[in-house]
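Asks: Got chain W sorted already, so can you dock chain R onto it with the hints?
Those protein sequence lines, which keep their order, are chains W and R.
Under the numbering used here, residues 21 to 310 are what the first sequence spells out, in order.
Under the numbering used here, residues 1343 to 1574 are what the second sequence spells out, in order.
Hints listed in this document are in silico derivations from the structure and should not be mistaken for laboratory results.
As the structure is a computational prediction, the values presented were derived from the model and not from experiment.
Each hint can be trusted.
For lysine to aspartate or glutamate, the following DMTMM-like pairs were computed, each having C-alpha atoms within a straight-line distance of at most 25 angstroms:
1) K1514/R x E1501/R
2) K1485/R x E180/W
3) K1514/R x E164/W
4) K1485/R x E193/W
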Amino acid sequence: MSEILHTKPYWRSVGFEWLPVVAGLLILYVPTFYDLALMIWLRDGDAHGPIILAVIVWLIWDKRRVLLAVPVSTAPATGLALLVIGLLLYILGRSQGIMIFQVGALVPILAGVLLAMRGWTALRALWFMLLFIVYLVPLPGYFEDAITLPLKQNVSVIAEHILYTAGYPIAHEGVILTVGPYQLLVADACAGLNSMFSLSAIGLLYLYLMRYKSWLHNGLVLASLLPIAFCANIVRVIILVLVTYHFGDAAGQGFVHGFSGIVLFVVALTTILLLDAVLVTFFKPKAPAQ
Amino acid sequence: MRSNRMAFLITALMLAASIGAVVARPEEKAASLESAISLEAVVPKHFGDWREEPQRIVQVVNPQAQDLLDKIYSETLSRAYVNSGGYRVMLSIAYGSDQRGDLRAHRPENCYPAQGFTLHREEPGHLATPFGEIPVQRLFTSKGSREEPVTYWFKFGDEAVPGDRAARNLRKRLVELRYNFTGRIPDGLLFRVSSIDPDQVRANQLQDQFINQLLQAVSPAERKRLSGLGDS
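In isolation and in its complexed conformation, chain W is listed as follows (with noise of 0.2 angstroms):
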């Protein structure tokens, strides 16, 4: 094992002729990621945003052993050519401040990193990571504006349903609830938009991480993560809607808010998690020793 290693320059064997293209990478993106820190990630219901950084690069990190491997054989034409047309993306969306240009971008310019570098057994090895930066790209605003309003319209309705039913003297006016004397707006972050965004990254990453065999294994966890956090919202409205009432607006407004908003990650996760549990059950390998 050592002769091999020692057979090829020692640069090569720990990688550093990856540091110019870190380098590149880096003057490229640190001006992106320091003005999406500052305009999204600050905002309410955005912080999942250097999460999802992190995660990629763990991704990266835990394939190093393709990327330091001495490639077998590259794809050049093709790489340089998907970086070129990452890069003119780039231009574009970082001269017009376009963020869903610039960081979309991120997915050719990678792409064509790893075929030039080291052929299409790198980009195999690490399609997973390329396919999670699609979760770090912020959603344009007139799409944000599409699905949040009836998301909220709805969100409110099945609230009052609920609690009416419940008897609460509850009615709501487009996204405004109104329960006994208080005034409740749905606002954005309720809509629960970011939840569903940042619920369905964890659970293709869970998915990712299990490396079920079955298809329709994860193609159920993968129809049920839209559902459940939807779900999970509307528990959430519900119990900020009922801590206002009880408790006054104050408590409503204060720690419960923000608190309400784990909760409705917590609720969500284990929901998802025991509906694996039962699935596992179902597609449980039947004879493993093969």
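Replies: Chain R only, in chain W's frame:
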């Protein structure tokens, strides 16, 4: 190609892209070229047949929404006016100095339903003024027994863009391109007038009259900034 050479080629391409992005970036906001627009001072409290009515009900502002408004709009103005016949018109102007990407203005078609209003009709229209026509959007909304016809236009860069969604997006792109070539960032102004009135025809007539008298009362430069009409 040896992989260390490939690495340097990739890095060189990345550096070029990084420099390209900086060079291609328009830095000046259009607003900073002109003297800052102060809506409070520009819009007179008394003009033509209309005078400002001090708002009796203090609007409860949601702090979260206010925070977002402050980010999108550099300045907002919200006033109610009455004419000699006691007809009340609500005026709301929002100005944002940077209308790119996430910072663009919100469309009333979205805002009204979010506040519990039902949007019954939306149609593009043309508002005639002595200075030219403004492409406006007419909405008819209601909330319970409150029926509220709305007339609004959106000025993007230096021109009012059509209310119709497809036509507006195309127009906005063209203005944006023109601005980019001159290294400027387009600003935006949302001009909205509404009244509580079940009669949409009467409401629109009085709103048009209100807008006309307002545009006649301000200076040509301010008229240009508010409506995109005339030469500044």
